[in-house]
Structure formats: structure tokens, C-alpha cells
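Assemble the complex: chain A is given as a structure, and chain B must be docked to it using the hints.
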Amino acid sequence: DSGVTQTPKHLITATGQRVTLRCSPRSGDLSVYWYQQSLDQGLQFLIQYYNGEERAKGNILERFSAQQFPDLHSELNLSSLELGDSALYFCASSPRTGVAAFFGQGTRLTVV
Amino acid sequence: EDQVTQSPEALRLQEGESSSLNCSYTVSGLRGLFWYRQDPGKGPEFLFTLYSAGEEKEKERLKATLTKKESFLHITAPKPEDSATYLCAVPTIRGGRDDKIIFGKGTRLHILP
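Each protein sequence line maps, in turn, to chains A and B. So the mapping is simple: this note's numbering equals the position in the first sequence, first residue as 1, plus 1. So the mapping is simple: this note's numbering equals the position in the second sequence, first residue as 1, plus 11.
Please note that a few of the clues may not be correct.
So the derived list for chain B, only partly shown, Cβ under 7 Å to chain A, looks like this [what the hints assert, rightly or not]:
#1 PHE45
#2 ARG48
#3 GLY54
#4 PRO55
#5 TYR62
#6 PRO102
Chain A residues, not near chain B, derived (Cβ > 12 Å throughout) [to be verified]:
#7 LEU12
#8 ILE13
#9 GLY59
Hints are computed from structural coordinates only; laboratory data are not their basis. Virtual Cβ for every residue (Gly too), placed ideally from N, Cα, C.
If we strip away everything but chain A, and leave its shape as in the complex, we get:
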């Protein structure tokens, strides 16, 4: 158990809908990362937050947004969902930027 908690574990939704994925980082970790992993694809970096501030952005779609709250948990919002958004979404946390991050077990999103 890495100490990073993601909910829900599974999510099935229809095209055009909006969903929110939640992440609770390890106790004391200030940095949160979000990654997308499609079937047989590598981990694609989406976005990073550090102590509530957005620090780095990857190839995140405009339909996707995220935020980190004062209690350090983070949420990833996905809207106008398309079939191609079906993937595993991982959250990871670290005490600071530039060091190894610890991953949650992911949320498997299926868009039908």
C-alpha cells in the first residue's frame, strides 16, 4: 500500500458526460501528479500541483481540468467525455518536486 488513495476504483459513464476523479496523497506529501494510461500505452503526464498551485502541465486536453485543495487532496475533472478517454487514470504524490512519486491504484474509466 503506497498510502495514495484514489476513488472511485471503477467508473462507467456515457459519452458527453462529466466525471470527477479524486486523489488523497500520502500524509505530508505536497506534490500531486496525474497520469493517463491507455490500453498498452505508456504513462502520459497530465498535470502536477504543488501545495495548491499548478506547477507543470503535459498534453492535457482542454476538456480536462484539475485542482488541489487546501487539505492537499486533488481532483481531476473530465468533461464532454469521448470513447477515447477510456483509460486508467493514476494519481501520484511526493513530498516535493523532483523526487520519486508514489502511485495510487488508479481509477479505471470506461466511456460507453
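Here is chain B on its own, set in the frame of chain A:
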């Protein structure tokens, strides 16, 4: 452009047959390299951090090494439970600040009993 490349993409070994996985990287000013293990449908599990050329880290049957241009993950006398995808990752810098952690596509390792 910062990049991490892993080889081979897939590797099948007999139980007890030792081998090495490769991770090559092109980043501006390496400040660390991470190895992870990922089982199907699960989150990556952190294994090692290497910081400087010549550094080595060991854990059970795994040993990670680092040179100026690449890292190797050596697997000695592997067992079927070592079957997984092994990922290599590096933190990047942009504008003098820590940026993202980028991952290679991984090596899918299958150990046959």
C-alpha cells in the same frame, strides 16, 4: 526534447535465467532516475532512485545501475513472480524549476516457470 527510451519492449526468460533491461535518457541535467514495477491493472510501485553515474542499488533479485547516458536493471535468477512491466522515469526541469516526471514505455518481463 526530454526523452526516456526503454529496451527491449518485451522479454521472456526462463526461471533462473538472468538478464538486463535498458533505459536511455536525454534530459537537461539529470537530477535522478527512478525505476518502478507495474503489475497489470495496478499502479506503478516504486523500486529505486539513482542520482549519479556509478551508483548502484539492490533489492532482492534486482540491481539498478546508472551511467551518464543510461541505466540498467539487472535481474538475477528471476522467478515467475518477477513478471511485470518495469518502468524507468526521470524528473525534468524547465525554466530552472522542477517540471514533470516523464516515463519510458516500459519493458514487459515474463518469467516462465
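Comparing the hints with the structure gives:
1. PHE45: 5 Å, holds
2. ARG48: This hint is violated: ARG48 (chain B) lies away from chain A, its Cβ roughly 11 Å from the closest one there, beyond 7 Å.
3. GLY54: Constraint on GLY54 (chain B) satisfied, holds at 4 Å.
4. PRO55: 5 Å, holds
5. TYR62: Since the shortest Cβ distance to chain A is 10 Å, the answer is violated.
6. PRO102: 5 Å, holds
7. LEU12: 14 Å, holds
8. ILE13: At roughly 16 Å from the nearest Cβ of chain B, ILE13 (chain A) sits farther out than 12 Å, so the non-interface label holds.
9. GLY59: 6 Å, violated
Consistency note: the structure conflicts with the earlier hints numbered 2, 5 and 9.
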